[in-house]
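Trainee: As a plain string of letters, each chain reads:
2 protein chains.
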Amino acid sequence: MSQHFSIAEENYIKIIYHLQQTDDNVNTNEVAAALNTKAASVTDMLKKLKQKKILNYEKYQGFRLSEAGEKIALAIIRKHRLWEFFLVEKLQFGWDEVHEVAEELEHITSKKLIDRLDVFLGNPKFDPHGDPIPDSNGKLPHQPQINLIDLALNKLAEVSAVGSQSKELLDLLKHKKIRIGTQLEVNKKFAFDHSIEIKIVGQTSFNISQQLAQTLFVKPLNK
Amino acid sequence: MSQHFSIAEENYIKIIYHLQQTDDNVNTNEVAAALNTKAASVTDMLKKLKQKKILNYEKYQGFRLSEAGEKIALAIIRKHRLWEFFLVEKLQFGWDEVHEVAEELEHITSKKLIDRLDVFLGNPKFDPHGDPIPDSNGKLPHQPQINLIDLALNKLAEVSAVGSQSKELLDLLKHKKIRIGTQLEVNKKFAFDHSIEIKIVGQTSFNISQQLAQTLFVKPLNK
DNA sequence: TAAATATTTTAGATTTGTCTAAAATTATTT
DNA sequence: AAATAATTTTAGACAAATCTAAAATATTTA
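Here the protein sequences come in this chain order: R and X.
Residue 223, in this note's numbering, is where the first sequence stops; the numbers in between run on with no holes.
Residue 1223, in this note's numbering, is where the second sequence stops; the numbers in between run on with no holes.
Keep in mind the hints are simulated off the structure, nothing from the lab.
Treat the hints with care, as some may be off.
What the hints assert, rightly or not - From the structure, some residues in chain X lie toward chain R, with a derived Cβ separation under 8 Å:
#1 THR1109
#2 SER1110
#3 ARG1116
C-beta atoms are modelled at their ideal positions from N, C-alpha and C, and glycine is treated no differently.
Can you make the complete structure from the sequences, with help from the hints?
Mentor: And the structure:
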């Protein structure tokens, strides 16, 4: 029946999925960089994935996952995000320390396990970083969020997701006391460096860089 | 620092640990049979484990884990049994369907994860099959008791421990008026469903399921 | 558009864990 | 204690996933 994939294959599938969200054609070097490996190794794996009908790929022409490949990617992402939710909600991990552990847990194969875990956690729709969790059919919940940098002035909004899971970013957010669900508004935008002044509800306002504002996503609240 | 072991190595370490509990010298064929592999493959791995100081091994002379090896084995067994407990208590798996999933989960490396899971589960001392769970230092809980299912017929015994603290189990035990110190004997064992008929001192006898009998531990009394 | 540069693929090696078949060693029988 | 049987190890091969170095192709630039 359904094929089995090695951990190495799964890691390629997942990375290619993420890369093709922004690029319409993924290329070898990007994947090599993301997986911390060499271009030659990537080519070898691409051939294998193509042969397994997971990948649409022609030599030198770039590649994308096939429909079957996307389904597999979403199943892995579902596992990753549900485990992250578990680690934070049930085992009191910080949201900045769950990523590596979830990288291992996402390769546990039992479908029954993950569907039961989903129920046990109360069918969460978003992981601790605000990323949407696919349901057991691979459907992603829709979330109408915008980039913080595009938020209108003095409009209340709620932080709904972060653009990366890097230690550096999470450390900065912890320090600024910004987390998923934090309510804030933008008071001023500075043209000089594109930094913005924000005010978190119940705190005094402060400045954040353009770079930070671009990695934060918010859901406007109708006040 | 502390070495890292592959999944294959961990599986060998675990099997050798289990085998050396009953044999004083483990041999190649036993391991091959237990791991569903060939004797030649076992020999290859033995050399590697010896070189890593995990195994006391001389050609043709049989082998046992070194002290370091036993520590590693106990850490893996700890993970396996805690995950089994989690699956049964939190995700409503049947006690008979957890083994394969736990075989995968036991190789997740994070020590922090497993210690937090331990706390989350309430520091259980026995897994759903009644097997003792090593603590975070690798110490096994002392167990001078036997499983109720192994109690000889018509031999008086005293309930000394329960295999879990789950609400469901405790609810059932309350209803059946079974608590620590209760004196009882087994009158009959039924092969069909492995249920047993027990008689609590001063009460009429009744049947209990295999599952319940396996979560109860008793200390035989010399009457 | 031809040359220079960057990207991608191929060729051939390496490591891990496995295998089969044959040789070496140990254990058992008669 | 010699012959037979069983076990264990060695030798050599293979698949998966990786690597380096070189060749092939595509892209950019002058």
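Trainee: Can you verify the interface hint for X:THR1109: is its Cβ closer than 8 Å to any Cβ in chain R?
Mentor: holds (7 Å)
Trainee: Using Cβ atoms only, decide whether X:SER1110 comes closer than 8 Å to chain R, and label the hint accordingly.
Mentor: Constraint on X:SER1110 satisfied, holds at 5 Å.
Trainee: Is the hint on X:ARG1116 kept, meaning its closest Cβ partner in chain R is under 8 Å away?
Mentor: With a minimum Cβ separation of about 4 Å from chain R (threshold 8 Å), the hint on X:ARG1116 holds.
The structure fails none of the hints (numbered hints given earlier).
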